[in-house]
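Chains as they are written, first to last, in the numbering used here: chain A, 156 to 275; chain B, 393 to 773.
Simulated from the structure, these hints should not be mistaken for lab results. Note that this is a predicted model, so its numbers are computed, not measured. Think of the CB as a built atom: it goes at the ideal place given N, C-alpha and C, for glycine as much as any other residue. This list has only true hints and no planted wrong ones.
Here are the computed distance ranges between Cβ atoms for each label pair: (1) N238/A - P703/B: 46 to 56 angstroms; (2) S758/B - N238/A: 22 to 32 angstroms; (3) P454/B - P240/A: 53 to 63 angstroms; (4) R228/A - R633/B: 52 to 62 angstroms.
A few chain A residues that face chain B, going by a derived Cβ cut-off under 10 angstroms, partial list only: (5) N247; (6) D251; (7) Q254; (8) G257; (9) A261.
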Amino acid sequence: MKFGFLLSLFMFGACQTYNSNTGDAAKYAPTTIAGSSEFQAAFGVVKNRCASCHTNYHAEWATLTTEQQWKDRGLVVAGFPSNSPLLTRLKNLGGDMPQDSGNIPADEYTALNTWVTNLE
Amino acid sequence: MKLIFFLLIALCALPSFAYVNFIGHSYTSCLNCHYNPSGGGALNDYGRVVSATLVSSGSLYPKDWSEEKIAYTSGFLFRKPKQNILRTQLNYRGFQLVRDPGSKSNEQKRWINMQADARVILKLGQNDRFIAVLNYGYSPVPETQTDRQTEWRSREHYLGYRVTPKFGVYTGLMDKTFGLKVIEHTSFSRVTPQATQNDQTHGVMLHYLAELWEGFAHGFVGNLSQDEDLRMKGGSLMGERTVFSNHRLGASAMVQKNNYSDLLSYSAHGKFNLKEGSALLAEIGQTTTKTKNGISEGTARYGLLQTYLRPIRGLYFLTNIEYFKKDVSIDQYLVRWGPGVQYFPIQRIELRFDIYNTRSFDPDASTPDTWSYLFQTHLWL
Numbered sequence: 156m157k158f159g160f161l162l163s164l165f166m167f168g169a170c171q172t173y174n175s176n177t178g179d180a181a182k183y184a185p186t187t188i189a190g191s192s193e194f195q196a197a198f199g200v201v202k203n204r205c206a207s208c209h210t211n212y213h214a215e216w217a218t219l220t221t222e223q224q225w226k227d228r229g230l231v232v233a234g235f236p237s238n239s240p241l242l243t244r245l246k247n248l249g250g251d252m253p254q255d256s257g258n259i260p261a262d263e264y265t266a267l268n269t270w271v272t273n274l275e
Numbered sequence: 393m394k395l396i397f398f399l400l401i402a403l404c405a406l407p408s409f410a411y412v413n414f415i416g417h418s419y420t421s422c423l424n425c426h427y428n429p430s431g432g433g434a435l436n437d438y439g440r441v442v443s444a445t446l447v448s449s450g451s452l453y454p455k456d457w458s459e460e461k462i463a464y465t466s467g468f469l470f471r472k473p474k475q476n477i478l479r480t481q482l483n484y485r486g487f488q489l490v491r492d493p494g495s496k497s498n499e500q501k502r503w504i505n506m507q508a509d510a511r512v513i514l515k516l517g518q519n520d521r522f523i524a525v526l527n528y529g530y531s532p533v534p535e536t537q538t539d540r541q542t543e544w545r546s547r548e549h550y551l552g553y554r555v556t557p558k559f560g561v562y563t564g565l566m567d568k569t570f571g572l573k574v575i576e577h578t579s580f581s582r583v584t585p586q587a588t589q590n591d592q593t594h595g596v597m598l599h600y601l602a603e604l605w606e607g608f609a610h611g612f613v614g615n616l617s618q619d620e621d622l623r624m625k626g627g628s629l630m631g632e633r634t635v636f637s638n639h640r641l642g643a644s645a646m647v648q649k650n651n652y653s654d655l656l657s658y659s660a661h662g663k664f665n666l667k668e669g670s671a672l673l674a675e676i677g678q679t680t681t682k683t684k685n686g687i688s689e690g691t692a693r694y695g696l697l698q699t700y701l702r703p704i705r706g707l708y709f710l711t712n713i714e715y716f717k718k719d720v721s722i723d724q725y726l727v728r729w730g731p732g733v734q735y736f737p738i739q740r741i742e743l744r745f746d747i748y749n750t751r752s753f754d755p756d757a758s759t760p761d762t763w764s765y766l767f768q769t770h771l772w773l
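I would like the entire structure built from these sequences, with the hints used as guidance.
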């Protein structure tokens, strides 16, 4: 009995095992989002540039499918891109993201900036 | 705070795999020192002797100790095993990671307990013909994942049977067989094909060892402790051939997919013996990703070049150079490089210091370099 318990502990365990694929569902599952066309464009950038690299914190961003959720978490400040962590962390603005590449392309940065600027 | 924690985890090099550079000691095959023929994980008796003698400095032993006497102390708790069936091992790795050192506003320091494993190996038959390996231990999980993820995991559990000395069958939870299993598991060559220290998978691996070449075929169904939709199912092939007596050239291919993405990876690598324990390791490869939602698709390419220079026994000077292009269709890439020192003052202790500089090359923009350093302690019993 003890052996069986130990063996099952070794082989499976009650919890998930964390690895490179832990965030795949959040990153890659088709997502239906509501909101402005600017938000939809910006959301695509976030999924592609942020959630695609990281399997935890940023993967969670892929689940923020309403503009209000972004505001509530303090990730964006409506109308103020330069006060929004989502943008200020970007290398485009002197931050350190994305870690494994340089600036995000100008059109994608513009999509984020436009969304936050026009956000109410 | 969570973000900082994540960054530290994402950036740190997590030494956990095999010491591929020991080709510099003329060990072309991992099977010499590891139970798993693709390397990593538990050391066999011979591997422990090698770690106690050839690899570690002998300067701290009494002068009248012979190499044979040192070898006899390489067993668990410094004892020579009294039986030949069961082996136990304990293994710990932790390190201090400092990112943006010297920066008043951005310097981040953190001690990370990266690995704490307990291993049990059952071995039967001549030359360990049958083995059962259990490896259970601690591995940190990002804070945002702790509601469903466990920090305690089975890192390995597999059965192995050498049908003949040349041919073996292994089944259970093992590392994916692909490319150079370098100890820096966050290197681009491990992250890109999803073959890091946390990416073990259940499957069956066939291994063939000939005089001048070695081949692996690994079919896998993902880690069964994950939700079914996340499990990466697929297979890999890897071959290596000895050239010019004690160098090796190899190639790998791997396909894997889950409900969300399909990955196709292939790479070529070389392991070169520079004599007297020094070695040069090189790998180039790429991974093509297709996703079910159509975003984050593309082909990422990477390169790895490492040198290990051994001026005296126990001491290695390292140089690590990595290249990474996240998307081959975009004219933008990264280079991460840095020197390091690895010292084994005595058996069971490894100290390592690495500096990493990451630079982004982008024709359209200039971004500041990223600097970090890492001081690692590795202990084993």
